[in-house]
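> Sequences and hints are given; from them, build the entire structure.
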Amino acid sequence: MSGSTWERPLDAVRTARAVRSGEMRARDVVSAALARIAAHEGALHCFNTVTTDDAVAAAERIDAVVAAGKDPGPLAGVPIALKDNLCTRGIVTTAGSRILEGWVPPYDATVVRSVAAAGAVVVGKTNLDEFAMGSSTENSAFGPTHNPWDPNRVPGGSSGGSAAAVAAGFVPIALGSDTGGSIRQPASLCGVVGVKPTYGLVSRYGLIAFASSLDQIGPFAVTVADAATLLDVVAGHDPADSTSLDVRPEPLTKLLDEGVEGLRVGVISDFLVDASPSVAAAVHDAAEALAGAGAIVEEVAVPSLMLGLSAYYLVAPAEASSNLARYDGVRYGLRVDGPDVEQMNARTRSAGFGPEVKRRIMLGTYVLSAGYYDAYYGQAQRVRTLVARGFAEAYTRFDVLVGPTSPTVAFEIGAKTQDPLAMYLSDLYTIPTNLAGHPALSVPFALSEGLPVGVQVLAPSLGEGRMFRVAAVLERGADPAARGPIEPRLAGVPR
Amino acid sequence: MTTDRPGHPGWEVVVGLEVHCELSTETKLFCSCPNAFGAEPNTNVCPVCLGLPGSLPVLNARAVEFAVRIGVALGSRVEASIFHRKNYFYPDMPKDYQISQYDEPINVGGCVELADGSRIGIVRAHIEEDTGKTTHVGGGGRIHDADYALVDYNRAGVPLVEIVSAPDIRSADQARSYVNELRAILIATGASDGRMEEGSLRIDANISVRPAGSDEYGTRCEVKNLNSLRSLGRAVDYEAVRQIEVLAAGGTVVQETRHWNEEEGRTSSLRSKEEAFDYRYFAEPDLVPLAPSEAEIDAVTADLGPLPAARRHRLGELVGTDGSPIPVDQLATVVGLGLDDLVLGAVGHGADPRLALARAANEAANRPAEARSLDPVAFAELITLEAAGQLSATQSKAVLAAMLEGGGEPRQIAARLGFEALGDAELEAAIDAALAAHPAEWARFKGGDAKVAQFLLGEVMRATRGRANGKVVAASLEARRS
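Those protein sequence lines, which keep their order, are chains A and B.
Residue 0 is where the first sequence starts when you use numbering that gives the first Met the number 0, and the numbers rise one by one after that.
Residue 0 is where the second sequence starts when you use numbering that gives the first Met the number 0, and the numbers rise one by one after that.
Hints should not be assumed to be uniformly reliable.
What the hints assert, rightly or not - In silico EDC-like cross-links for lysine to aspartate or glutamate, where the CA-CA straight-line distance does not exceed 20 Å: (1) B:Lys132 - A:Asp339; (2) A:Lys69 - A:Asp52; (3) B:Lys132 - A:Glu257; (4) B:Lys223 - B:Glu17; (5) B:Lys396 - B:Glu362; (6) B:Lys223 - B:Asp91; (7) B:Lys132 - B:Asp144; (8) B:Lys272 - B:Glu255; (9) A:Lys357 - B:Glu255.
If you are wondering where the hints come from, they were derived from the structure by calculation, not from laboratory data.
Predicted, not measured: the structure shown is a model, and the values here were computed from it.
Below is the structure:
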C-alpha cells in the first residue's frame with residue numbers, strides 16, 4: 000500500500016548476528032517489535048498476553064551480555080512469540096480456555112528455557128483454538144485471530160496466533176504445537192514456514208497436553224533458515240519427557256545449502272484429488288522446481304493416508320478426554336461452586352470449556368467406554384498402524400514426500416464454524432504425519448487470489464535434514480509475493 | 000448378628016485380597032519429590048505430582064527395581080509391561096486419572112506359602128501411583144455432612160505395588176495369616192517398611208460365600224478401608240455372616256463395593272455394580288514400555304536374601320531331626336521377628352535346637368530389637384547351661400531377661416543372681432526334706448497318684464528358691480518311687 004511506512008523486519012538469523020556483533024541493540028530490536036505489535040495487534044488479535052516489560056528487561060540483559068564480551072546465543076535479541084499452551088513461569092498461560100483464565104504456571108516449559116538460553120526474547124503468548132482443538136483459531140475463548148493477508152479470513156489453527164504474528168512481522172520466529180496440523184496448516188494459510196518435528200525430537204515438558212501421543216512443538220519462521228535455527232535450539236533429549244528421543248541430530252542450519260540433487264521425491268497423488276485447483280497447481284509447480292534442481296520426482300499413491308483423518312478423530316479426542324480431566328475446579332483455574340464436589344466439577348467444566356472442547360471430550364469419553372473401546376479406539380489404533388505402514392512402504396522408494404498442506408487457502412471467518420466436519424477436513428493432509436510420528440513442514444510457495452499457498456514436505460522419522468534441504472530449494476523457487484511478512488490489511492479494506 | 004463365630008457350618012467363605020504396598024523409595028513414582036510420611040500438608044509436591052498442566056511423568060527406576068524384587072519374591076514371572084491410565088474423577092487424584100498397569104502388568108502369577116504350609120496364589124503384582132488424602136471437616140468427619148474438605152497431595156504419586164491374590168483364602172484367620180506373610184515378604188525384599196498404621200499396606204477384600212462342597216464361586220462384594228489385620232479379620236467374618244444370612248433367607252447377594260466401618264463393626268454399601276466407575280483404561284502415552292532385562296532380574300534375584308518361608312523351612316529342618324512335631328508357631332514367630340539368625344547361630348555353637356527355638360520364640364520375642372543384637376555364642380551358652388540342668392528353666396529365663404536388658408555372659412549373670420548350680424548332694428537333701436515334710440502326699444505319689452507329683456516338685460523348687468532343675472527333680476522323685 001502506498002504511503003505506508005511499514006518496513007519488512009529483519010529475519011532472526013540476521014538479527015541475532017547483528018546483536019551478537021554489537022551492530023544492533025537487542026533493546027531496539029525488541030522495542031521495534033513491540034511497536035509493530037502496538038500498531039496492528041488491535042486489528043489482528045495475535046496475542047492473549049503481550050509481555051512488554053519482561054521483554055524489555057530480557058533484551059537489556061542480552062545487551063549487557065554482549066557488552067560484557069560474552070555470547071548470548073544463536074537467537075540473541077530475537078523477539079519470539081510463544082503459543083499460549085506453553086507454560087511460562089510467572090506469565091499467565093491460558094491454552095485459549097476460560098477454564099485456565101488467570102492461571103500463572105510456577106515453571107517454564109523446556110522449550111521456553113531453551114529459547115531463553117539461546118538469547119531469544121519472549122514478547123507474548125499467542126492466541127490459539129482452545130486447548131489446540133481447531134483449525135481456525137476461532138475456538139479461542141478470547142476471540143478469533145485475523146489473518147494479516149485478509150482480516151476477514153482465519154489464520155488457520157490451532158496455532159493461528161503464532162502464524163499470524165510471524166506473518167504480520169511482529170516477530171521473525173514463534174513456537175506452536177502441532178497435533179494434527181496445527182503448525183503447518185496455519186503456516187500455509189499465513190504464508191510462513193511451519194515445522195512439525197519428529198515425535199520426541201522436541202521436549203513436550205510444559206506443553207499443555209491435547210493428545211499426548213500426537214502433540215509436538217515446532218517453529219514458525221519467515222525463512223527456512225530461521226526455522227532451522229529455532230528447531231536446532233529447541234531439539235534434543237529432555238530427561239523430563241519420557242517420550243523424548245535420546246538423539247543428538249546434526250544441526251539443520253548446516254544442511255540448508257546442500258540442494259536436492261539425486262533426492263527421490265514422491266508427490267502424494269491421493270492428496271491432489273480433493274485439493275482446490277490452485278493448491279494442486281502449487282504442488283505441481285513445486286514438484287517441477289525440485290525436478291529442476293536435480294531431484295527425481297514421481298507421483299506416488301499412498302491410499303492408507305486417507306484413512307488417517309477418521310482414526311485421528313478417535314485417538315486425539317480419547318487422549319484429550321483424559322488429559323483435560325484435571326480441569327475440575329479443585330486445584331487451579333476456574334471454579335464454579337456447587338452443593339457437592341461432583342456438582343462443582345460439572346459446573347466448572349460446563350462453564351469453563353467451549354463447545355468444541357466439550358464435543359471432543361464427549362467423543363473421547365465415548366470411544367474409550369467399556370463395550371465400545373475395541374470398535375472405536377482399538378480400531379483407530381489399527382488404522383494408525385496402517386498409516387505408518389503406508390508411509391514406510393513409500394519411504395522404501397522415496398527420500399521425501401511432498402503434497403499440499405491445506406486443501407484450500409485461508410477461508411473466511413465463520414465459514415466453517417457451524418460444520419465441524421468441514422473444519423476437520425482442513426487437516427486431511429497434515430494428520431497422517433502426526434499419526435506416524437514423522438516430521439513435516441509447510442513452506443510458502445504460491446499466491447492464489449492474493450492469498451498464500453503452502454507446500455508440505457514430509458519425511459520419515461528424524462528425516463529433518465533432507466526435509467529442510469527440500470524446503471530450502473522450494474523457498475528459492477517460490478513466488479516471493481507468497482511469503483510473509485506483509486503489512487497487515489485493515490478489516491473491510493479490499494486488497 | 001455375631002461376628003466372632005469361628006466358622007460358618009455348611010458354608011465356605013472365599014476371599015481374594017488386593018494389597019496396596021507403598022514402596023520405600025526416596026522419591027515419588029514420577030517425580031523427585033520426597034516419599035515421606037508425616038510432613039506438613041502439601042509440602043512434598045511439585046508440578047508433576049500436582050498434575051499441573053504441561054507436566055509429564057518420569058518413571059522412578061528404584062520403584063521398578065522394588066517391583067521386580069517383589070515379583071521375584073512372590074515367584075511371579077517378571078514380564079515386559081506398559082502403563083495405563085485409569086480414568087475417574089476424584090479430588091485427591093490430581094490428574095483425575097491414576098497411572099497404573101492394566102492388562103500388561105510387570106509381575107504375573109506366583110504364590111505365597113503361609114506358616115501353616117498352605118499356599119495362596121498370586122494373580123499379579125503391578126505398579127501404580129498413590130492418590131492424595133482427603134480430610135472432611137465438620138459434620139463429625141462424615142463425607143456427606145462435612146462442611147468442606149481439605150486435600151493433602153503429599154501422598155499423591157507415591158509408588159505402590161498392588162498385589163492381587165487368587166480367591167484361595169477360606170477364612171478370616173487365613174486372610175490375616177496371608178497378609179502377615181505377605182508383609183514379612185515385602186519387608187524382606189526391602190521394598191516396604193510394612194507399617195500398616197501409617198498406611199504402608201492397605202487392603203481391599205473380595206468376599207463371597209458358597210455352600211460347602213460347591214466349586215462355583217458366589218457373588219462377591221469388594222470391601223474397602225481395611226487398614227489393620229484386625230479390621231480385615233472382622234470384616235471377612237462380618238461379610239461372610241451377612242452374605243450367608245441373605246442367602247439362607249432365600250435372597251441373593253448383590254455385587255457391590257462396601258465400606259468397612261471399624262467403630263460400628265459392619266460394612267455398608269458404597270456403590271453398586273451399576274454405579275461402578277467405567278475406568279476407560281488406555282495405554283499411558285506419556286510413558287514408554289517397561290522391559291526389565293534378564294540381567295536386571297537375575298541381579299535382583301541374586302541380591303534377594305532368603306524369604307520367610309525358606310527361613311522357616313531351614314529352622315524347621317534343624318529342630319525336626321528328633322521326629323517329634325515341629326512347633327510351627329514358634330518358627331513363624333522367630334522368623335517373623337528376625338530371630339532365626341540368633342537361633343541358627345546358637346545351634347552352630349552347640350545349643351539344643353528345640354530349646355533355643357523355644358527361648359527365642361517365647362522369652363527373647365518379648366524384646367525383639369535387643370534379641371536381634373544378642374551374641375549367639377552367649378545365647379548358646381545359656382541354652383547349654385539350661386539343657387545340662389545347671390540352670391533351671393526359671394533361672395534360665397531370668398538370665399536371658401538380664402542378657403536382653405544389658406548383655407553379658409550367662410555364667411556371670413547367673414552367679415550375680417545367685418543361681419550357682421545346685422550340687423547333687425544339696426538337691427537330694429532338699430528332696431529328702433520336702434518328702435519328710437509332706438508324708439501324706441509322698442504316700443499318694445508312691446501309690447501311683449501322678450497328680451501330686453507337681454505339688455512335690457513345687458515344694459522342692461520352693462525350698463531351693465528355684466535353683467533346682469525341674470526335670471532333674473522329677474527324675475529323682477520317679478527314681479525314689481520304685
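> Of all the hints numbered above, which does this structure not satisfy? Sort the numbers upward.
The structure conflicts with hints 2, 3, 9, although it agrees with all the remaining ones.
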